[in-house]
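> All chains, full assembly: derive it from the sequences and hints.
Residue numbers (my numbering), protein chains in the order written: chain W, 1 to 881; chain F, 1001 to 1109.
Incorrect hints may have been included.
[Unchecked claim] A few chain F residues that face chain W, going by a derived Cβ cut-off under 7 Å, partial list only:
hint : residue
1    : GLY1027
2    : TRP1028
3    : GLN1046
4    : GLY1047
5    : TYR1050
6    : PRO1051
7    : HIS1054
8    : ARG1055
9    : ALA1075
10   : LYS1076
11   : LYS1082
What the hints contain is simulated information worked out from the structure, not anything from laboratory work. Since the structure is predicted, the reported quantities are computational estimates derived from the model, not experimental observations. Where is the CB? At the ideal position from N, CA and C, for every residue including glycine.
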Amino acid sequence: MLKDLFFRLRSVFRRETVESEMEEELRFHSEQQIGKYLKTGMSRDEARRRVRMDFGGLEQVKEECRDARGVALVETVAQDLRYGWRTLLKSPGFAAAALFTLALGIGANTAIFSVVYGLLLQPLPFRDAARLVLLHETTPKVGEVSVSYPNFQDWRAQSHTFSEMAAVTNVGFNMAGASQPENIGGLAVSPNFLSMAGIRPVIGRGFTPDEETAGTAPVLLLSYALWQSHFGGNRRVIGQTIRLDSRTVTIVGVLPRDFRWVETCDVMEPMGVWATNNDTVAVRGDRGDLTVVGRLAAGVRMEQARAEMDGIAARLARAYPEANDQCGVKLQSLRESFSGDARPSMLVLLGAAIFVLLVACANVANLFLMRGAVRAKEMALRIAIGASSGRIVRQILTESFRVALLGGLAGVGLALAGIPAMARLIPADTLAGASVGMNGAVLLFSAGLVVLSVLAFGLAPALHSARGNVHADLKEGGKTTSGGGRNRWRGLLATSEIALALILLVGAGLMMKSLYRLLAVDSGFRPERVLKMEMSLRTAQYDKDPAVIGFWQQVLERVRALPGVESAAVGTAIPLTDDHSRTDITVEGMALPKLSDYPHPDTHIVSPGYEKTLGIRVLRGRGFTDADRENAPRVALVNAIVAQRLFPGADPVGKRFTLGRLEANRAPKWLTIVGVLADTKMYGLANPARLEVYVPFRQEAAHEMVLLVKSGMEPAAQVAAIRGVVVSIDKEQPIFGIATMQEVVNASVSTRRITLILLGLFSGLALVLASIGIYGVISYSVAQRAREIGIRIALGAQRGDVLRLVLAQGGKISLAGIAIGTAASAGLTWLMAKLLYSVSAVDPATFTAVAFVLAVIAMTASYIPARRALRVDPLVALRNE
Amino acid sequence: MKERIELPQGTLDLLILRTLALEPQHGWGISERVQQMSSDVLRIQQGSLYPALHRLERRGWIRAHWGTSDNNRRAKYYELTKTGRLQLATERASWQKLTAAVAQVLDPA
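Following this line, the structure appears as structure tokens:
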């Protein structure tokens, strides 16, 4: 093997020597032979002629010797490359068309793959991240919920399938000291989280085991980004203190630059510090915002862990029925939780991009076939003077490779330009800190695409040229040949382009219809001209309820007085998010149900004007008024579903319920229902409305509220004025999450919207390429058949006959493409069923409309060259023969 | 002129190896020798001789060196290598087996 390689390489690198040796060897042979013939009395000329005939073809013998030496692969590729540059430069139109088409195809793929890689493939910045698992609790009524802290502690104590477990919870802080008060996001973690995930602070220390228990001194780690932006990357930051929520916290370290979590993490504190300020850690029934991360023990599979956790959850449900009745555990790989929502969209888009590339390849293959026809004579000549058919295939493949390589480079360039725009389209919470951009893996993918393209568009033309008929091609003397096989190929390619374009159009059509239906859904509220901004009262001055209520009351009064404000309200929840608190309720006089069967509505705390500001209809009774204050009778609003489910056939207004279950030793605080509101889509447009109850903000204090302002003008123009109002009340109070409700609506469908935009872009691209493809095939065939058409016209064929003749060809191609595409779509669209809303994956209307559009466009693309056929002058066409 | 027979596929290598087993020889010499030894019945196509020689050289069955011919010209001489000699023995054996078998089929005893 090694000797063989050495032999080949010698032939390559000492090419000059080897060539001249071969030359000399063959010359020696000729001269010996001539000498021999001379001896038989032949004339010298006759002898020479005989020797040449004996050899058959000197160049061919040489070529075969080179092949035999194994020069071929290395040497001829280099030679083909040199030759190819020249031919490519000689036909710049062809080169530009092929390059541009491929650049689009490869560019689209590279850009999408950069997102897919960033979101789905890029290794998470944790040690052995594949063995990290995220655990949630589940309840039959809600599904996935957060974990209660006591349950987490029991899981950790009882599980053997996890070598380690850590709790992680989201926390928000108000940070003072910067130019403007800020609300920052953070994580509270069990101290072992850092070592379990393999995270080493870049400076300072991690957390110590005794920082797990409540009462520990307040410390935190800064995120790398916050360290840079607020502390200038100063290494002496360790030991310094900052003010969070009017507490003084000591900085003990800085997280590594690549650390990221599903939620934003500006700072990280140990669980003990969090527990100090949260007495809920001791309440088993309280499921705040906690998730659990576990590391699977060596050799344990996910299913084994799942089985064990099911058992533990069942034991805990029996031991603590009040808090845990019917509660289960859901295990999810960390990767899935980082990218779960975007995954189906991204995979559909990647598939779509690959289809675009295939269409592009089909177009380029068509170009090559067209050029192959023109170059048939050149190829025939090369075969005649001794190029083997393998050599011809190789030559065309190297030409294809060069086109693909240049196309790939241009495509990567396009992608570089397009990636930032695409990355901006992706909502930050979908990204979960992932970086989307060009990197080694993405470039490798693009390189793979180049190779794939060469095979996709280069192989057919190459094989076709090599099979060329030397005699026929040479005889036809320079005229472009009419290859029946070539035309069949081209027709097939155009057919497949139409089919691929149709699949993409169907996908885009289904997405468009879904989004249209989704946006047409009755959301139950009106987002127009409503601004939302969030505030969280976290400092010590708001420890007592009256201070909290007073703050909100003041904000409302002053904001309502601002010019242009139509109405203003505060509420703990706004529609189309999924962060709502829920509690069991007991309706007065109802038969007490099993623990797991209590009604479990979302409970919102809202101010008067809430329903007016959001445009939620009042179906019965009234909304809250200023009279529903601290010492007034306790009241509540319910939505239509509560009215139907809990008070079927009766008027709920005047009925009473209490938050929570009845307890033996405590008198219930009854709330009287004063009104029924229309259902609103609290959980997103695609999700059904749930049970909702509302209580007035002066009867139930809430520290975190959303301020909603409806104004007569552009809502964003009010931001500065409202900020001024808040500062005038509490200058340290940060405002965050500022957006218009229209933006909230848009964000709730953003993944669908991006998918639609990109799918639309891709299918448009495919449609254009496919039209060019069919246009090319038809106009080429018209040019080829000019003589035939000329004769027909000379014999008296009418315009209509000629048009029909040409259009029939286009019609055949497009009908076949549409038929194949429709069948393939029907087989493929179920892959995107998860992305659709109230549209069947084989929606007949969409399929029909797309087929119709495609047919019209394909026929238009054939009609243009067909008209050229009408202009054929029979005399000219015949004379040209 | 005598009747000439086309060389069956695969026998060219065997003939080259056999010829070179006698003594190192250049390409032209090999073709002459084969013609002569077969009493003018076998004649090697010049066009296939040289590719075959280069192929055998690459396989390491023969090796080449430049020498001087009888008429004092520089010529490329080929000679059998050790593996070439072994290869000749194997190919010769299988050839004999083949011809014997074919003969047996043609004229059953």
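> For every hint, state whether the structure bears it out.
Verification of the supplied hints:
1. Below 7 Å, beta-carbon pairs count as interface contacts, and GLY1027(F) has one with chain W at about 5 Å; its hint therefore holds.
2. Restraint check, TRP1028(F) versus chain W: the minimum CB separation of about 4 Å is within 7 Å; hint holds.
3. Evaluation of the GLN1046(F) hint against chain W yields a held restraint, the C-beta minimum of about 5 Å falling below 7 Å.
4. The beta carbon of GLY1047(F) is positioned within 7 Å of a beta carbon in chain W (closest approach about 4 Å), and the interface hint is therefore held.
5. Checking TYR1050(F) against chain W by beta carbon gives a least distance of about 5 Å; that is within 7 Å, so the hint holds.
6. Interface hint status for PRO1051(F): upheld, as the beta-carbon distance to the closest one in chain W is roughly 4 Å, under 7 Å.
7. With a cut of 7 Å, the hint placing HIS1054(F) at the interface with chain W holds, because the nearest CB-to-CB distance is about 4 Å.
8. Look at ARG1055(F): its Cβ gets to within about 4 Å of chain W, closer than 7 Å, so that hint holds up.
9. Annotation: ALA1075(F) was flagged as interfacial toward chain W, and the flag holds, the nearest CB pair being 5 Å apart, inside 7 Å.
10. With a least beta-carbon distance of about 5 Å to chain W, the hint placing LYS1076(F) at the interface is held under the 7 Å criterion.
11. Because the beta carbon of LYS1082(F) sits about 13 Å from the nearest beta carbon in chain W, more than 7 Å, this interface hint is broken.
Consistency note: the structure conflicts with earlier hint 11 alone.
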